[in-house]
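Engineer: Spelled out from the first residue to the last, the chains are:
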Amino acid sequence: MEFFEFTLKRCEIVQSSKIPKLKPWQTGLIVGLLAALIQIVYNLIPQTVEGNPSYKTGPVAYGYCMFCHVRDLVNWSIKGLVPWMTPAPISAVVPALTIIGIIVGAALTAIAAKEFSWRRTINPALAFIYGSLVAFFAAILGACPIRIMLRLSYFDVIGLIGLFSVILGAITATEFVLKRGGGGGGS
Amino acid sequence: MQVYAFALATFVVGLIGGILFQRSGLCTVGGYRDFWLFRDTHLLRGAITFIIGAFIGYVILWLTKTIFATGTFPWVFYKGLSAIPGTILGANAEGLVPTLLVAIVGGFGVGFFSILAGGCPMRQFVMASEGNKSSIAYVLGFALGIPITYAIIHALLA
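These protein sequences, in sequence, are chains A and B.
Each residue of the first sequence is one higher than the one before, counting from 1 in our numbering.
Each residue of the second sequence is one higher than the one before, counting from 1 in our numbering.
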């Protein structure tokens, strides 16, 4: 399978780098803790931002969200162009820069570890369409796969149902598309 | 002043997350896929410990009582069942059936198309930073898709 070969190829690159590799469970634990604790800035700072008097507690379970933070950033960048976009109120003043941080951090680390290389996994035009479709469904859900786990940690029943739906969708695609040779990419 | 502190704090958290995500190759949807295909728990463990870590963090915030207004955690015991506030449908998603429908349809679509694209949105952003052209196209589609989605849904609801 295409993505399996890609994963193997990646492992070879990893072994040649000097910067230590982390296990996913270690990253998950640290980043999960961080995602919950960063809620402090969402809850303390907005109360003092001018022009948002009704905004008391900030969006909950908002530490990492690929969809919400991109939406806030896009909305802030194209201000006024799509007036019916509904970002988190704090982001009308200043967007969360988590996405920029992730891109900068991951790019610098990849360069330092000599893992940066121009390559492609699937047809970019297809990837563009998949990206739009994931954004569409993430907009309906109101979360990305990361935030749905944050919602579950927040003891949200809808978070649990949403996570089960994400897993069900992933299994369906794996069973009916990946196993029949479609899709691809590697992670 | 607080505005800059907010921007800086979120940027630093993103930076730490980006470094750790890049070093570990964590992918949530990929974890479900690998477990289903190979019974491989390498990535799945990352997703599970993310939930555990976030839960520990929320309990810490809850016990210190400085962050949450009364009754915001554990959320389910106070607020009951309602759609995630970030949903595009907003007030249209009120009521039991629309709430469940939004979660199920949205979640299924996210999982399905994330597998086709080869990873969850977070992983795609990290791979785009590593120079994967497919992921860069994915990120562009993701960023452009959001305002287009809002325009489409607004036109449908109007």
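Do not take every clue at face value.
Keeping only pairs whose Cα atoms sit at most 25 Å apart, straight-line, the calculated DSS-like set for lysine-lysine is [claimed, not checked]:
no.: 1; chain 1: A; residue 1: 114; chain 2: A; residue 2: 21
no.: 2; chain 1: A; residue 1: 18; chain 2: A; residue 2: 114
no.: 3; chain 1: A; residue 1: 21; chain 2: B; residue 2: 133
no.: 4; chain 1: A; residue 1: 23; chain 2: A; residue 2: 79
no.: 5; chain 1: B; residue 1: 133; chain 2: A; residue 2: 114
Computed Cβ-Cβ distance ranges for the label pairs, DEER-style [unchecked claim]:
no.: 6; chain 1: B; residue 1: 96; chain 2: A; residue 2: 79; range: 16 to 22 Å
no.: 7; chain 1: A; residue 1: 86; chain 2: B; residue 2: 140; range: 45 to 51 Å
no.: 8; chain 1: A; residue 1: 120; chain 2: B; residue 2: 41; range: 25 to 31 Å
no.: 9; chain 1: A; residue 1: 117; chain 2: B; residue 2: 92; range: 42 to 48 Å
no.: 10; chain 1: A; residue 1: 77; chain 2: B; residue 2: 38; range: 26 to 32 Å
No wet-lab data here; the hints were simulated from the structure.
As the structure is a prediction and not an experimental result, all values here were calculated from the model.
A virtual CB, placed ideally from N, CA and C, is assigned to each residue, including glycine.
Engineer: For every hint, state whether the structure bears it out.
Structural biologist: Okay, the hints, checked on the actual structure:
1. 114(A) <-> 21(A): Satisfied, since the Cα-Cα distance of roughly 13 Å is no more than 25 Å.
2. 18(A) <-> 114(A): Holds, because 9 Å separates the two Cα atoms, which is no more than 25 Å.
3. 21(A) <-> 133(B): This hinted pair holds, its Cα atoms lying about 23 Å apart.
4. 23(A) <-> 79(A): violated (40 Å)
5. 133(B) <-> 114(A): holds (17 Å)
6. 96(B) <-> 79(A): 16 to 22 Å: Roughly 36 Å apart at Cβ, these two residues miss the hinted range, so it is violated.
7. 86(A) <-> 140(B): 45 to 51 Å: This hint is violated: roughly 22 Å between Cβ atoms.
8. 120(A) <-> 41(B): 25 to 31 Å: holds (29 Å)
9. 117(A) <-> 92(B): 42 to 48 Å: holds (45 Å)
10. 77(A) <-> 38(B): 26 to 32 Å: violated (41 Å)
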